[in-house]
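Protein chains in written order, with this note's numbering: chain A, 837 to 1215; chain B, 837 to 1215.
Hint data in this document are derived by calculation from the structure and do not stem from the laboratory. Be aware that a few hints might be false.
[Unchecked claim] Residues on chain A that point at chain B, a partial pick, calculated with CB under 10 Å:
#, residue
1, 842
2, 851
3, 913
4, 1086
Keep in mind that this is a model prediction, so the values were computed, not measured. Using N, Cα and C, we set each Cβ at its ideal position, and we do this for glycine too.
There are 2 protein chains.
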Amino acid sequence: MTVAIAQHIAPTFDFPVVFTRKAFDPANSVLADILAQAGAGPRKVGVVCDAGLVAADPGLPGRVTAYAAAHGDVMALVEAPLILPGGEAAKADFAVVQAVWELTFRGKLCRQSFVLAIGGGAFLDAAGFGAATAHRGVRLIRMPTTVLAQNDAGVGVKNGINYFGRKNYIGAFAPPYAVVSDHALLATLPRRDVLAGLAEAVKVALVRDPLFFARLVELAPRLAAGDDEALFEANVRCAEAHLQHIAGGGDPFELGSARPLDFGHWAAHALEEATRGELRHGEAVAVGIALDTLYSCRTGLLSRAEAEQALSLLDALGLAVWHPALADLDMAAAIEAFREHLGGRLHLSMLTGIGQRIEVHAVDAPQLEAARAELAGRQ
Amino acid sequence: MTVAIAQHIAPTFDFPVVFTRKAFDPANSVLADILAQAGAGPRKVGVVCDAGLVAADPGLPGRVTAYAAAHGDVMALVEAPLILPGGEAAKADFAVVQAVWELTFRGKLCRQSFVLAIGGGAFLDAAGFGAATAHRGVRLIRMPTTVLAQNDAGVGVKNGINYFGRKNYIGAFAPPYAVVSDHALLATLPRRDVLAGLAEAVKVALVRDPLFFARLVELAPRLAAGDDEALFEANVRCAEAHLQHIAGGGDPFELGSARPLDFGHWAAHALEEATRGELRHGEAVAVGIALDTLYSCRTGLLSRAEAEQALSLLDALGLAVWHPALADLDMAAAIEAFREHLGGRLHLSMLTGIGQRIEVHAVDAPQLEAARAELAGRQ
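Just chain A, same shape as in the assembly (with noise of 0.2 Å):
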């Protein structure tokens, strides 16, 4: 005799994604409201922050303590902030993920306690998982200090570190418990990483939001001037599209068939990889958004003046679309790879329109090498 019990597990996630300025400014109540909401007496609250950015701005740790000082209603540090390696070094190893564990033993942090983790995208996803998995989850507040991650990285649902030479291949989906996303932070950081991040935005308007491709066009000339307004609206807009993408795909774990915003996505990787880290993630994004979108253009999906409006805004934000490695890359190694990578059948978004988008299932390889000649050719 056999008996078959159907399960049907429906958890929920809710957490604030808020944009501020100076988050560590005592008079900016964001932070300790979060606290103050998650329940009575002060929270305890462990804090990792990304080597990188404390060498780029040393007062950072202090400031911390500091505010975890005016807050003492709602907050108390366990130790002082933890400074650990960030960049792709934060997730070419267990160090992080293994230093937060210890912190969260040291600190005897509860399920019910924060681990604060401050930083850019990759020390999010290593310092996440560390968080996601010590007690099975200790609660999260990711403070994205990169465009690339404010934007992006930092608001969605997955954490992860390299392993077995391969990107996050081991991680979790784990929503965290609230993002904050400081823009003042972003005054450290260097000019071509803020043009660099940038490419993702380009690539969640092309592939799902018209309305913002085209405020994306008339921001170009301030965004590429470097204009603080115009990149905080910039942020916001990018990480309410990754949002609602995620939220509103209904299967936000990607369990089944859901694809993460990952147009343009297979070459960028695979350009890291043969780069070795010379190419900033955005940067890669940038190349293969071009090349994916000339791809687009050569298959009847996507109009000649379309392709050349998603081209003109990538030159206009200052992205290269061409970089040498990709004359050398073998793109059906890279396409399988990236198959591999998403696993089962091959998936990838191509445009058919600015703002739509269509998942294609085999690539024309004829014309992927005639787009990249083109590519080339534009230099």
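Using the hints provided, position chain B relative to the given structure of chain A.
Chain B alone, transformed into the frame defined by chain A:
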């Protein structure tokens, strides 16, 4: 200016929990049907087996391989079943987790591929954490092979390993893709482990299911005598009660105030630690149940008659309600450790009737002491 976006994420997880017999008899279609419904063509499957189980049933890996060969249209083993340490050793370090990561890598398993984990609850916890974190989650089919795993540990949404000397310090919430319980595999289980596993049935009946309690009282003589049909029924009903608790509580990932069904578990955890594994988990739970039942009675929550019914059922199932280690237990420290394990405020389940529990947030130490003394005196 501060901008706040409210994100709402609502993933759903549906999985079958199937009780069958001889799951690897090629004529048994349960496993093949689950794989067939996952998509077209053979699904890639990596298999990990609990070494303790294989020692008791050396033919198992061969039966798995033969089953896959017989169902080659839906099931493609990526390699021969891997034999890994079972029991508490599986959770003592990262060895099993690491082995699962390596299996997924060697076998090029993707998020749509499967890990089939066959073993006891501890083994499933460790292998499940590996599967849940490779690619942020490869599909996991759990095949629990002990009474405890089939009726409780193997049907939930948690995994984990011990770390820093703490039970389940590292882990995640990750629903399985399916659970297939093979009743025939219980035939090799020592009688002691069968009985110990029934402690969880008594627990779930006492805290939420008076009809199941009544049925267990009826079944007890047959269960104690090793009747196979009675055990099948008890396992199915116990699993059902656990599944309903997880699904029905509105907080399956225990983000807020949801509590696991852990009646009697504060003492059980401490006794397991104190006896360093000499006591089975279920045996420790039986003592913990008895202690908290008498405490519930002595504090006026539960009638004496109902307390005696509960203790009688444990007796009838051959479960001892006393262990010498309880005499030496620092109960205040054990309760504090349990509070820390849960996080935040102390929550202890106590009984107000057969099938009815209440949460208490403090303990009357003299009454607890008296309950222990009463238990000692019953020996």
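Which of the listed hints are not met by the structure?
3
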